[in-house]
Amino acid sequence: MRVALIGAGQIARQHLSCLKTLPGVQIAAVCDLSPAVAESTAERYEVPAFFTNHAAMLAEVKPEVVHVTTPPTSHFRLAMDALQAGAHVLVEKPATVTLAELEELVRFAGERHLALTEDYNYVFNHGTREIARWVDSGALGAVVHVEVMMALNLFGPGGFADPNAPHPALTLAGGALADFLPHLASLAHRFVGAHRRAHAIWTKRRPSILPYDEMHAVIEGARGTAALGFSSTAQPDAFWLRVFGERAQASTNLFETRLTVERLRDGPKPLQPLLNGLEEGKAVRRAAVGTLMRKFKPGPGAYDGMWHLVAGTHEALARGTRLPVPVEHVLEVNRMVEALKPVETAQ
Amino acid sequence: MRMLVTGANGFLGRRVVAALLAQGHTVRALVRPATPLEELGWPDSVEIVRADLRAARELAPAFEGVDVLIHLAAAVTGGDEAMFASTVSGTERLLSAMSGSGCQRMVLASSFAVYDWSATRGTLDEDSPLAAGAGLYARDGYAIAKAWQERVTRRFAAQHGWDLTVLRPGFIWGRDHGYLAACGQKIGPVHVVIGPFSHLPLTHVDNCADLFARAAVDPRAAGQTLNVVDGPGERIWGYLGSYLKGTGERGLRVPFPYTVAIGMVRLAFATLFKRNGKLPGLLIPCRFEARLKPLHYTNRRAQELLGWHPPFDHAECLRRTYDH
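Protein sequence lines correspond, in order, to chains Y and X. Per our numbering, the first sequence starts with residue 6, numbered consecutively. Per our numbering, the second sequence starts with residue 49, numbered consecutively.
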């Protein structure tokens, strides 16, 4: 499989590191508007060709798969050009600026029988996969409700709120927070399905160039409800996923390796909090060490979900089987994202 | 002459602006849009251009009437990609704008970080090997960005026939910047001084700025690459002692032999850590060496070429750094 990548910025490094480990995958070319970024990326990852013009790359290299890892405002044009060149496309989140653009891409990909998928890396993190396994095995019982809450300081230098170099995501409806909505929505979608209703509250707690720095929402999904949140001010940084089932409640911090569960147990009821507490304590201690140790190990580290997704996507493309994130899920997640966007900015 | 200075409000930039003004030049300072300027105390004659090289689209007007570009701007914090985007892509934007202007002369602030410290023996000078290939990408984001910034700048200069001077400062120190990574590893109040008798490639910020201001106007500097150090350099033990005394900070210095430390780092890297490039810098041999390897340093080329001697001796630099 000949793969090309457009946009050799921060997240591209994870894509390339992962792609290099995949059997049957050849990274044929990288492209970036900056000649030095393109060339240094090619040198670093031993990619045979680099370009500053994506159209030239598509024409010359004829990749079978294109990873689009540029800032979101350019995704639509680049993904469309890659599809037109006959390549399957894996696009970084958020896939497009508007839902209409995504629908156009999906329609076009469908007509050409090409795959279009979006990076929902946290759906494939170890913690999420374990919880999904417990759900699928029935250990958690039927899912009632999901909480997805990201706390991430966006105010540091070089971050989204840097007044000197406004981040491209600031042009999205909802500003910088819109960059994170696909993460929240894809996790909710994994556990409660497509949304029927959504209500979001967007607020601002701190003076900055961000139009909003807080977003909290409730969702009614096909199989349960979800509460989604993003906070730029709650600290420390954490990404909590908590799934409430009829038999157990599982929670994981997706920025770390912490994964705990509290469940109904046989035996005397007064002992349940004790047993759950002991089990939780053990899991927290193990995760504390594991989170530190993975920094010392080669491999994906905190990006294990993305590596899993990229590997699964390429395997599915090679075999012609169902993608880890099929296009109908991309549409459903993005419809949820659309429903969460602040109305006044979206207009 | 009119000098365009990028990174003008940075640690080195402020002193370079002061040195240029003292020489009677007109200074045009490139500063980021949100940078407050009041505390810099610049005279009204300093022309201000507000731009961030990471985002600026239209930099051509900044070069109008400029005789020399002194390019000091570089990211010193942030992730690897952010530093690369800021330092290298920023330089690409800046020099693209310069290529459409009449400015034909520039001075680049490079760094000792561009050298291949692992391959260098004895004295590190301008002829020492540069980090390149896989060895470069094993280094930290700052070294990678500075190496590419120099590479990009040399290509632009060659393409457009510019007179380029590359100055590579060692460890720049001065007021509020006395503590250096080479001082060792700080654990609470304890400073583990690795290789206490190693020399430091020091250049006091006022000495360093003096050479930048001279190189910008001296035709003998055109086409040259010069290391910037004040001399053979103080030893780490004494330098850290002066820092502790000067700042009044309480700390205990504990010496640790360099050879033992680098031996342990190499062994752990090859076995325990399986050559993982994501480790903290001190656990990666080539980064450890770039920070702490005991080498000798000289400013002989700057002396021979430009007759440069650092205007301030070490005692005076200490006074400038620590006296209230």
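Don't take each hint at face value.
Simulated pairs of lysine to any residue, SDA-like, Cα-Cα distance not exceeding 20 Å [said to hold, decoys possible]:
1. Y:Lys300 x Y:Asp141
2. Y:Lys25 x X:Arg199
3. Y:Lys302 x Y:Glu261
4. X:Lys326 x X:Ser144
5. Y:Lys300 x X:Glu129
6. X:Lys322 x Y:Ala307
Derived from the structure by calculation, the hints contain no laboratory data.
Now for the hints, and whether the structure bears them out:
The suggested pairing of Y:Lys300 with Y:Asp141 is violated, with an alpha-carbon distance near 31 Å, which exceeds 20 Å. Proposed proximity of Y:Lys25 and X:Arg199 is contradicted: the alpha carbons are some 26 Å apart, above 20 Å. Between the alpha carbons of Y:Lys302 and Y:Glu261 the distance comes to roughly 14 Å, so the proposed pair stays at or under 20 Å and holds. Distance check on the hinted pair: X:Lys326 and X:Ser144 sit about 34 Å apart at the alpha-carbon level, beyond 20 Å; violated.
Between Y:Lys300 and X:Glu129 the CA atoms are separated by roughly 18 Å; this keeps the pair inside 20 Å, and the hint holds. About 18 Å separates the Cα atoms of X:Lys322 and Y:Ala307, which keeps this hinted pair within 20 Å; it holds.
When held up to the earlier numbered hints, the structure conflicts with 1, 2 and 4 and fits the remainder.
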